[in-house]
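Q: Each chain, letter by letter, is given below.
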Amino acid sequence: MIPFTYTRAGDAAEAVRLAGRGDVKYIGGGTNLVDLLRETIERPAALVDVTGLSSAIEPRGNGGLLIGAAVRNTALAEHRDVRTRYPVLARAVLAGASGQIRNMATVGGNILQRTRCAYFYDTEGSRCNKRSPGQGCDAIDGFNRTHAILGASSSCVATHPSDMCVALAALGATVHLEGADGARTVPLTDLHRLPADHPEIETVLEPGELITAVELPPLAAAARSTYRKVRDRASYAFALVSVAAALEVDNGRVKEVRLALGGVAHKPWRAWAAETALRDGPATTRAFRAAAQAELAAANPLPDNGFKIELAIRTITAVLGELAGSDA
Amino acid sequence: MVTKDFSIRINGTAVGPPADPRVSLLDLLRETLQLHGTKKGCDQGACGACTVLADGERIVSCLALAVQYVGRNVVTIEGLAGDDELHPLQRAFIEHDGFQCGYCTPGQICSAVGMAAEARRGVPSHVTPDLTVGEVELTHDELRERMSGNLCRCGAHNGIVAAIAETCAGERK
Amino acid sequence: MSNVEDAKQSAMNSPLELAPDSWAPGNGPDPLIQHNGGRIGASVSRVDGGPKVRGAAPFAAEFALDDMVYAALVFSTIAKGRIATLDTTVAEAAPGVVLVMTHRNAPRMRPMPLFGTSEKAAGADSLPIMQDDRVRWNGQAVAVVLAETREQADHAASMIRVTYETEPATTSFEQAKANGTETAHLFGHDVHIEIGDAEAALAAAHVSVDATYRTPYQNHNAIEPHATTVAWHSDELVMHDASQLVGHQAWSLAHIFGIEEEQVRVTAPYVGGAFGGKGLWSHQVLAAAAAKLADRPVRLALSREGVYRLVGGRARTEQRVAIGAGADGRFDAIIHTGTAVSGRDKAAPEAFAFPTQSSYAAGSFQIDVQLAYQDMVTNTTMRAPGEAVGSFAIESAVDEVAVALGMDPIELRIRNEPDNDPITGRPFSSRHLVEAWRAGAERFGWAKRNPTPGTVRDGEWLVGMGCAAATHLYVRQPGGAARITLTSDGNVTVDVAAHDAGMGTATAQGQVIAERLGLEPEQVSFRFADSRMPGLVAALGSSQTVTVGAAVAAAQRVLVAELLKLVGHDSPLAGLTTEQVGVLDGGLAKLDEPARHESYTSILAGAGRDEIAVEASAPPPVEMMNWSMHSYGAMFCEVRVNGVTGETRVSRFLGSMDCGRVLNPKTATSQFRGGIIMGLGLALTEQTHFDERKGRIMNPSLAEYHLPVHMDVPEIDVIWTGIPDPHTPMGARGIGELSITGTGAAIANAIFNATGKRIRDLPITPDKLM
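Chains as they are written, first to last, in UniProt numbering: chain A, 1 to 328; chain B, 1 to 173; chain C, 1 to 770.
Treat each hint with caution, since some may be false.
[Said to hold, decoys possible] When the alpha-carbon atoms are kept at most 20 Å apart in a straight line, the in silico DMTMM-like pairs for lysine to aspartate or glutamate are as follows:
#	chain 1	residue 1	chain 2	residue 2
1	C	K768	A	E310
2	C	K666	B	D20
3	C	K448	C	D408
4	C	K694	A	D141
5	A	K25	B	D20
6	A	K25	A	E200
7	C	K757	A	D81
8	C	K694	A	E124
Derived by calculation from the structure, the hints in this document are not laboratory data. These numbers were taken from a predicted model, which means no experiment stands behind them.
Let's have the full structure, built from the sequences with the hints guiding it.
A: Structure follows, in structure tokens:
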């Protein structure tokens, strides 16, 4: 780690003021940032501790939930409203990391965690456009079994590692931001960027802008929702492919469906094409698989990760089938 | 009058935070305080050997900057039981041979203490079938899933799980 | 009274003879085998359990020395070439930095003496260490920073700028093979055996299988990263290390620094897992060199990445196994050949054909292990080197033969059970694998297995059962020696420069010593892992138990002789020779007149002695020359493979072992489970990603190198035949490595039974089963 100063912010306004527009990183639980500091991938001059921000989970007048950015992952998964009304979110959080890390990691930090691409992490020994723009990408012709199949570019094929974000994408969550120019909200699905020519720019956040909360809209379909994660060992591993889904079936027809994928792209991947294909259509295995195939039609696999296409299709089909249950 | 606490309580003793904010809670314990019971296995949050309890919650101390724990109450393996006693889990680990080399052991034990508290207050896990239930029964699968953040390379997993299961069952009686 | 108590009672009444003074044919078995004093065979908890569960056991990075500084390393990023520029000025000026050591200012040192090239050589390689500007592998240390704090050292290391002149390197397996291979050389022989014309027999066989099996690079990943705390006291070097060969290491360090062996002391009281990886590598030498340069004690604790960069693991292999069998299942031909990657120095070839050399009878054999050299951190021993990955290939192939014949794989194995060693013709010292198969099959419920692949389903999950044989060579090291100190209170201390990195050495030896000397366990203390103690005993080859056991037996003979010299004229033991006496109840007694007994305390008191200390070396391990000696196992596995995702879960596992006498069932069970769990990782999850473009390891991390986690590990059942080996000390053989062998194949064979898919390329990740 290079030397840095440390300040603790009492609230969002103070945090934003402390950060200014300088070379500053906000730190929540530190579960990703401390690692990145140690690897000298992150080299800020100052840290502003934002764990003192809101850690409340409050109902909204419209029936949604407002989740403070400093809510720890465990607290999120533990919250009764999350468990009962948004099980996909609880399950996604519980599929990620370990008990210890979930106790530390905040909602805001989880959203902003960075890729686990091995070449990104190899500060001294490998080329990475995300770490050092313009340097080149050693992953494209290297070990890329865990890399992106959707939305990647010739400059970056990394994936976003969050499980929680996949559920948030499916649920249509909104992210509340606060910066020097005031507050705004951004849909979670628009927060992360695809890599294109600038993989180093991962979100639409402005310098110094801070995540203060995440808002879940009311969503009846979410009561029947789940998260399935496929990984290389039974627990405590990043996803090869993960699926967040909510499904409401009425009379054998899909009334509402929400679908997002993890482990396949530079951002949590909302499966808009599959949702469109499914909505108002038959809730059958055949339809589920066809919709999954439609979503993955745009996939562009690398030498080692072609299996993810079929894995994603199968997992989507199985998850929707499970949610449809006897309604299918 | 409200006084702000600028120290970290470690096993009941107030400790000043490090002057260098880069110092992790783990390095503060091991290098400054000579509390070597908390182990460094990876320094990247991937093995759980450095698990301690912060206000009763298990965390990996390698990814914790010590300065962030000002005002918090940290308990390490050295603080789990009295000087001459063993915590019931420590006894059970010996009885069930829940270790070989002993390096992951303090982390496993601290993790298990925090894990049991999580289950008692109803925190579900990846393998909990019904998310809506209250207190979670620590089945074999629940124990294994919840302890998966603590790696063991010697392969003492069976003994570890048996020791925790026995101790948790004993606490519920 | 129970049978055990009966036996114990009778043991208490008749003296225990001393062990033979040689383990050659013609000598009787160790009298301990027939003796049941209740110590050996007891499920005793570990003697070091208290300190370990309290976090009070000091590991290598936990010795706090006055004025100590912290080391951080810079690793090369090319595989071969030379350092063109090396700018340390910014780092040297950084806060807290004491010095930066590079090839420009490092003390002159000899290369490490390569393990196996002389009696006490410990080096994992024999390359120059920071003596020139050459880069020999990607990840080699090119600079050492010493600073007052860990944070300062790490920060300064990140500011050292190195550029390189790159030279062509061999970093791909295909290129290495194309460059030409060499036959592996092990234990004084080329690993090349031909008996009969195996290719012709294969071609003529009723059924045959002929396939290629591949196993990846793997790393030990002991949870304790390698670490060392070193200090020079003028010309004496003291090193507290995570080591599994302190004696070899002390001599080797003396050789490297040009000092006398007596000037080096290496201790390793607690080692956080070793598995073959904690020998002498460059980091200990660098730490000692930097401490010398700075004239301050140094702690060098490798980061997890540092372990991958500086310490080699298991080499990649590509193996051909071909088996030809008759309609009755008898093997006409076994061919086991192929290539293992090797570093340029070849201390530890991955000799994968080992298991094939003793497992089955066959009409003809062709065995050959070639090494292909790459520019990479040198590979080394990792739990059951050769056997762990070789048994995956041969035991998968045997399963394939069983499928081809439509025969039960256990029956096929039993049908090919050899009478004598199939290669050397030597008799087996003790081989009861068939009993292990029968007992295991019964306990596991093998009869319920559906032999037709892909037919048992539970929802999304396909369920299958598989089995494989385990085998591991018996080794007793020649350097066993022990010191026994008997004090006037009747307590003994035994010192051996052996190791306990979690194997339970101290616990089991304590039991053996108590039994052999006729003492209560609490009267015995076993001290170890200090190079100043007697013995040259590496924790390698599952050999410590018998190596130490033989040394203690030898020292006991000396002790008894000395005690008999001390007895008074009025002693019941007066005039007796060592051949006439045995051990009884805290003392000695005449073998055929147990009433002629005198306690140790009485003998010492009578002689006016506070203590008596003796030291002796074990007789040479000639038993290894006279018999074919191995431990065995029958491994049973049930897997569930997800039909949607290809994820595999091991749902049941049984190891049915034949390993000689088990000294401590509790710790032995743990050892067996540990090997099985590492085998589970070998089968399903573990792989070091070696990027062949640059020769660089890309997952030097416990997050990305997947060890099995708790959720991957089922309850593992372990049983054993318990039949003592009549030709070994205590009737015991090695158990530490045995159970990783066979496990990979048992899992792969179960996956075949579940899915009909034969995966010959480890690890068996979900994508391979989709």
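Q: Checked against the structure, which of the hints given earlier come out wrong?
A: 2, 7
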